[in-house]
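Participant: The chain contents come next:
Number of protein chains: 2
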Amino acid sequence: DIIARAAADMFETGALQGKRVVITAGPTREALDPVRYISNHSSGKMGYALAEAAAAAGARTTLVSGPVNITPPERVEVVNVTSARDMLDACESRLEECDIFIACAAVADYRPADVQEQKIKKGPDDMSLTLVKNPDIVASIAASEHAVFTVGFAAETQQVLEYARGKLERKGLDMIVANDVSSQGIGFNSDENEVTVLWPGGEVAMPRARKSTVAAGIIAQIAMRQDP
Amino acid sequence: DIIARAAADMFETGALQGKRVVITAGPTREALDPVRYISNHSSGKMGYALAEAAAAAGARTTLVSGPVNITPPERVEVVNVTSARDMLDACESRLEECDIFIACAAVADYRPADVQEQKIKKGPDDMSLTLVKNPDIVASIAASEHAVFTVGFAAETQQVLEYARGKLERKGLDMIVANDVSSQGIGFNSDENEVTVLWPGGEVAMPRARKSTVAAGIIAQIAMRQDP
Numbered sequence: 001d002i003i004a005r006a007a008a009d010m011f012e013t014g015a016l017q018g019k020r021v022v023i024t025a026g027p028t029r030e031a032l033d034p035v036r037y038i039s040n041h042s043s044g045k046m047g048y049a050l051a052e053a054a055a056a057a058g059a060r061t062t063l064v065s066g067p068v069n070i071t072p073p074e075r076v077e078v079v080n081v082t083s084a085r086d087m088l089d090a091c092e093s094r095l096e097e098c099d100i101f102i103a104c105a106a107v108a109d110y111r112p113a114d115v116q117e118q119k120i121k122k123g124p125d126d127m128s129l130t131l132v133k134n135p136d137i138v139a140s141i142a143a144s145e146h147a148v149f150t151v152g153f154a155a156e157t158q159q160v161l162e163y164a165r166g167k168l169e170r171k172g173l174d175m176i177v178a179n180d181v182s183s184q185g186i187g188f189n190s191d192e193n194e195v196t197v198l199w200p201g202g203e204v205a206m207p208r209a210r211k212s213t214v215a216a217g218i219i220a221q222i223a224m225r226q227d228p
Numbered sequence: 001d002i003i004a005r006a007a008a009d010m011f012e013t014g015a016l017q018g019k020r021v022v023i024t025a026g027p028t029r030e031a032l033d034p035v036r037y038i039s040n041h042s043s044g045k046m047g048y049a050l051a052e053a054a055a056a057a058g059a060r061t062t063l064v065s066g067p068v069n070i071t072p073p074e075r076v077e078v079v080n081v082t083s084a085r086d087m088l089d090a091c092e093s094r095l096e097e098c099d100i101f102i103a104c105a106a107v108a109d110y111r112p113a114d115v116q117e118q119k120i121k122k123g124p125d126d127m128s129l130t131l132v133k134n135p136d137i138v139a140s141i142a143a144s145e146h147a148v149f150t151v152g153f154a155a156e157t158q159q160v161l162e163y164a165r166g167k168l169e170r171k172g173l174d175m176i177v178a179n180d181v182s183s184q185g186i187g188f189n190s191d192e193n194e195v196t197v198l199w200p201g202g203e204v205a206m207p208r209a210r211k212s213t214v215a216a217g218i219i220a221q222i223a224m225r226q227d228p
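Residue numbers (the working numbering), protein chains in the order written: chain A, 1 to 228; chain B, 1 to 228.
If you are wondering where the hints come from, they were derived from the structure by calculation, not from laboratory data. Keep in mind that the hints are not guaranteed to be accurate.
[Stated by the list, open to error] Pairs of lysine-lysine, DSS-like flavour, derived with a Cα cap of 27 Å: (1) Lys121/A / Lys133/B; (2) Lys133/A / Lys171/B; (3) Lys119/A / Lys133/B; (4) Lys133/A / Lys121/B; (5) Lys133/B / Lys133/A; (6) Lys121/A / Lys171/B; (7) Lys171/A / Lys133/A; (8) Lys171/A / Lys133/B; (9) Lys121/A / Lys121/B; (10) Lys122/A / Lys171/B; (11) Lys167/B / Lys119/A; (12) Lys167/B / Lys171/A; (13) Lys167/B / Lys133/A; (14) Lys167/B / Lys121/A; (15) Lys133/B / Lys119/B; (16) Lys133/B / Lys122/A; (17) Lys171/A / Lys119/B; (18) Lys171/A / Lys171/B.
[Said to hold, decoys possible] Partner residues aside, some chain A positions facing chain B, computed with beta carbon under 7 Å: (19) Val35; (20) Arg36; (21) His41; (22) Ser43; (23) Asp109; (24) Tyr110; (25) Gln118; (26) Lys119; (27) Asp125; (28) Met127; (29) Leu129; (30) Thr130; (31) Asn134; (32) Thr157; (33) Gln158.
[What the hints assert, rightly or not] Below, a sample of chain B positions facing chain A; criterion: calculated Cβ distance under 8 Å: (34) Asn40; (35) His41; (36) Ser43; (37) Tyr110; (38) Val115; (39) Lys119; (40) Asp126.
Bear in mind the structure is a predicted one, so any value in this text is a computation, not a measurement. Where is the CB? At the ideal position from N, CA and C, for every residue including glycine.
Isolated chain A (complex conformation) (with noise of 0.2 Å):
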């Protein structure tokens, strides 16, 4: 099919030769205490294939990951950070030599408002917790001076496609990867997805396989639409 197809030729040719790639992966962790946190089910799977996928591809590749169990990539420098305000920092300070910015990550919307020096007592029966917005990586990083063609992801557990669409106008994004983290063997810590791909004006629905593949996929059509 069309998709392995373009797949295969990248590969060939090292459609991303001479590119500089940053991706991040896996979730952030956001501190209650010097214990506690809120964080998120993401394995960290899907960004390091894509890393693996960009490497193999020929692009000089960097890895803003989160706290995850994978051994890295070969040939991929891997960052590694624990909030949502560190995985900016850490973009952010890689953005004058990258081209191209895929965020897989599944970063931390909110954060505790506070961070308690401590760990929290035990008290009450009930208690509130406020918490206040995270910085939008993707956003903030399509929103800067430098020429970056930026990646988002959008997992959501219904009208999936919609919400992706609105996200990648709304952020002003080159691309967009959907996927339905609600589905049974597919998405966050499993080793299958089922993803489209959207862009302004187009989209194309790839078929649940192996995070490797889907990465790859992924990778083709970045390297398509990035570099027309």
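Following the hints, put chain B in place on chain A, whose structure we already have.
Facilitator: Quick look at chain B alone, frame taken from chain A:
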């Protein structure tokens, strides 16, 4: 020293032969929505090391484990759970076949009051989250009608021994293991630990050592105290 000698004696004699031990390990995760949760930095290493030491001392051992990344020890039955309420259910269902209960898990004290069925969309700048208290697993087991020798853990960042002795008394435990998780290189996610074991009327400090060594020392103390 006396701890090493006690541990060596125990393994020569199979000090827990015929005993049934249930051990909780790891963190719990408390869902906010299908993808987000509150958790903590417990790696589960200490609980898994205790299970290995209990099995080596001859006990029939069950590990009730939150989400961790550790290969389960041989000769140990593993029951995987996610939330504090799941963990309590799993422990209570095994109480009739339990002589010694060791609560090593870092159970979340609170969980979100409401679990959203769909992924929470990013909304206003601030958000308030209402948390409700989780069941106190070790206190429930200590207060149950079954005669179980109950051992708690106290992971603290300050006034460690005072807090630990307070917990021992307030929860009616037979023993508590205190450690200072604010120290570098011990406690959460590290391979070493340094603990003090307290019981009504006494305590013993164990020197910093690998978690397997500390686990053997704790199991030796339990064997001595529960069957003097």
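Participant: Now look at each hint and say whether the structure bears it out.
Facilitator: Structure-based check of each hint:
no., hint, verdict
1, Lys121/A / Lys133/B, "holds (12 Å)"
2, Lys133/A / Lys171/B, "violated (38 Å)"
3, Lys119/A / Lys133/B, "holds (16 Å)"
4, Lys133/A / Lys121/B, "holds (12 Å)"
5, Lys133/B / Lys133/A, "holds (25 Å)"
6, Lys121/A / Lys171/B, "holds (15 Å)"
7, Lys171/A / Lys133/A, "holds (16 Å)"
8, Lys171/A / Lys133/B, "violated (38 Å)"
9, Lys121/A / Lys121/B, "violated (30 Å)"
10, Lys122/A / Lys171/B, "holds (13 Å)"
11, Lys167/B / Lys119/A, "holds (15 Å)"
12, Lys167/B / Lys171/A, "violated (50 Å)"
13, Lys167/B / Lys133/A, "violated (36 Å)"
14, Lys167/B / Lys121/A, "holds (12 Å)"
15, Lys133/B / Lys119/B, "holds (23 Å)"
16, Lys133/B / Lys122/A, "holds (8 Å)"
17, Lys171/A / Lys119/B, "holds (19 Å)"
18, Lys171/A / Lys171/B, "violated (52 Å)"
19, Val35, "holds (5 Å)"
20, Arg36, "holds (5 Å)"
21, His41, "holds (5 Å)"
22, Ser43, "violated (11 Å)"
23, Asp109, "holds (5 Å)"
24, Tyr110, "holds (6 Å)"
25, Gln118, "holds (5 Å)"
26, Lys119, "holds (5 Å)"
27, Asp125, "holds (5 Å)"
28, Met127, "holds (4 Å)"
29, Leu129, "holds (4 Å)"
30, Thr130, "holds (6 Å)"
31, Asn134, "violated (9 Å)"
32, Thr157, "holds (5 Å)"
33, Gln158, "holds (6 Å)"
34, Asn40, "holds (5 Å)"
35, His41, "holds (5 Å)"
36, Ser43, "violated (11 Å)"
37, Tyr110, "holds (6 Å)"
38, Val115, "violated (13 Å)"
39, Lys119, "holds (5 Å)"
40, Asp126, "holds (6 Å)"
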